[in-house]
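Sequences are here, hints too, so could you generate the full structure?
Residue-level listing of the chains:
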Amino acid sequence: MSSPSSHALEITRLHFRYQGRGPNDPGFELQLPSLTLARGEEMLLIGRSGCGKSTLLQLIAGLVDPNSGTVHVGGQDIHALKGAARDRFRGRTVGMVFQTFNLLQGFSAMENVLVALLMSDVPKAQWADRAQSLLRSLGIERLDARAEELSVGQQQRVAVARALACRPTLVLADEPTASLDPENAVNAVRVLRDACREQGAALLVVSHDPSLEAHFARKERLDELMKRRAAHDSTREGASA
Amino acid sequence: MSDLTIVLRSLRARLFSTTVVVLLVAVSAGLLLAILSLRSAGERAFERGTGNAHLLVSRDGSPLVSVLNGLFYANSPKAPIDRAKLNELRESFPWAMFVPTAIGDSYRSFPVVATAPEFFSKFEPVLGEPWQFADGRAFDKNFEVVLGSSVARETGLRMGAKLVLTHGSGKSREGAGDEADEHSHVHKEYEFTVVGILKPTGSPHDRALFSDLESSWMLHAHDRFERSGKEKLVTAADLVDDDRNVTGVLLRLPSREGSNTPPALVSQYDKLRRDGSITVAIPSNEVQRLFSIVKSIDVLFLAMAGATLLSSGVAILLSMVNSMSERRRQVAILRVLGASQARIFWLVLTESTIVGLVGATVGIAVCATVLFAATAWLLNAHGIVIAPELDARSAVLVAMGTTLLAAIAGIVPSVLAYRTSVARNLRPIG
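Chains C and U, in that order, are what the protein sequence lines are.
Heads up: the first sequence begins at 7 in my numbering, then just goes up one per residue.
Heads up: the second sequence begins at 246 in my numbering, then just goes up one per residue.
FYI, nobody ran anything at the bench for these hints, they're computed from the structure.
Counterexamples of contact, computed for chain C against chain U with all Cβ distances above 10 Å:
1. 54
2. 76
3. 220
4. 224
5. 231
Part of the chain C face toward chain U, derived, beta carbon under 10 Å:
6. 69
7. 94
8. 96
9. 102
10. 109
11. 116
12. 124
To list a few chain C residues with every Cβ distance to chain U over 10 Å, as calculated:
13. 44
14. 85
15. 190
16. 230
Even for Gly, the Cβ is constructed at its ideal location relative to N, Cα and C.
This is the structure:
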């Protein structure tokens, strides 16, 4: 059951092991003792490539199940929900922005945002207004242009609009600037932050790009978070000895 | 925006393969429907030819041959019915129609039916549709001839035209005696005048000429005189009973108004059958028997159409499975946006179902158009009435069957979509 919480995200003793598929894919282990993000808070999570940043976002979105631990989004343990209930909850509560934006090809900018609303419980009468105002506020004027007809920068804005369409509690951005040149990367982060702030959504950005650190008041390194776990474990072992 | 929009966009994204598969389904559904329609149309076309005769008496080898010869003019009946037997038949029952016919002569390969005037007043070439003249009238004296509509069109003969007949149904042509086969010769001595041209009936009678019995008997009496070495222009006065033969009799029993099933049909049929010297046929039964014989071929055609339909189902399956690589990313995105696995399953299943439904609709529409055009062309160009009726039941069944097949074909890609790993398919391409 969902309970009122001041946190948009609350991770407790999360453990996920990926076995890997062979010598070229050795697998990895992700262990986080705790991580919280207040409602409306912004945070940058830095980590090297392949350390499990994207997997962490998938764990938070409930797309992958952990071996142990809990992930609460807006007070709801997302992994306690099963099947369609979890999908519905994700659609309503979590917005995601990807490195390659993952817009639906063949769909217009407007339709890409409307699809997100279709999966939500937002009344249909509000869909068009909400999609239009979001897209326009992000500088998209050609609402009926197909995704593939838009520039990279415009695609990124449409992806942001889609992530925010259902007024989510939490927006997860996976390497949102990796496909952009430095100038556009700065703009993209600004757009993302402004939009989330305007909608009151917490924002968790994961990236391997240290240049983004300047834009975020709160930044963490995934390997340091993991070390804290290791230190915590060794302290506990010492105490028990 | 609705789930249907997502499905339609997905189909549009693969416009070429969608169009090809829809056309394949359309051809299959149209073919199946055409075979179903033409099957019943063929049967109906044959049934039309039997007209309003309840019974046909001849001396052919079997009832089926009797009907094929006597009403469909397949061949000339070999054995005649003599005058005594004809009179005996006439007196045996108060027939509502008693029309003797003599078939054996021809004009440019078209059969000539020598018959009584009742042929035009009582016999209906198609049940409930009496003869209609496009021009002229029925014969009322010797050596007058009435043309079936196809004969008039194909020979170009007009009212008042003169023609001579060929004894036998060989490939001989008027005035081309050298080309006549050994069993036929041209009766140049007797000239017939065209006095009537019939409107099309959509029956085999359109390809026949009709004259009076006495003229036919005179032609053959002339042959008799020739064989005995006497050159003589025969008149009715020269006819003897042996000349007055017929090859068949079309019979109709009295029946209640509005009914074509006379109460005495079975008893009269049985009574006549006991006479071993004649062959009795119920024409409509023989047509049905003929169709039951050819039903196995019919089933073969249906099986072929069914196989084509099945292959179109396989094409849907292959097309959708082949598109899975591009579809997986779309599925993953929809899942991230909150679509459940079940919803993904139904979206893909709806897609294949729509392909089937659109294909079936296009197929039925094209089939109806082609059949309509072909029907009109056959009637105008050849006077053939093939009236394929696209009955709503067959069309609905074909549409439902095709759609169901498409839905079944969509199960495999739907399951693949259902099981698509979201995490794996959200990774950047390349």
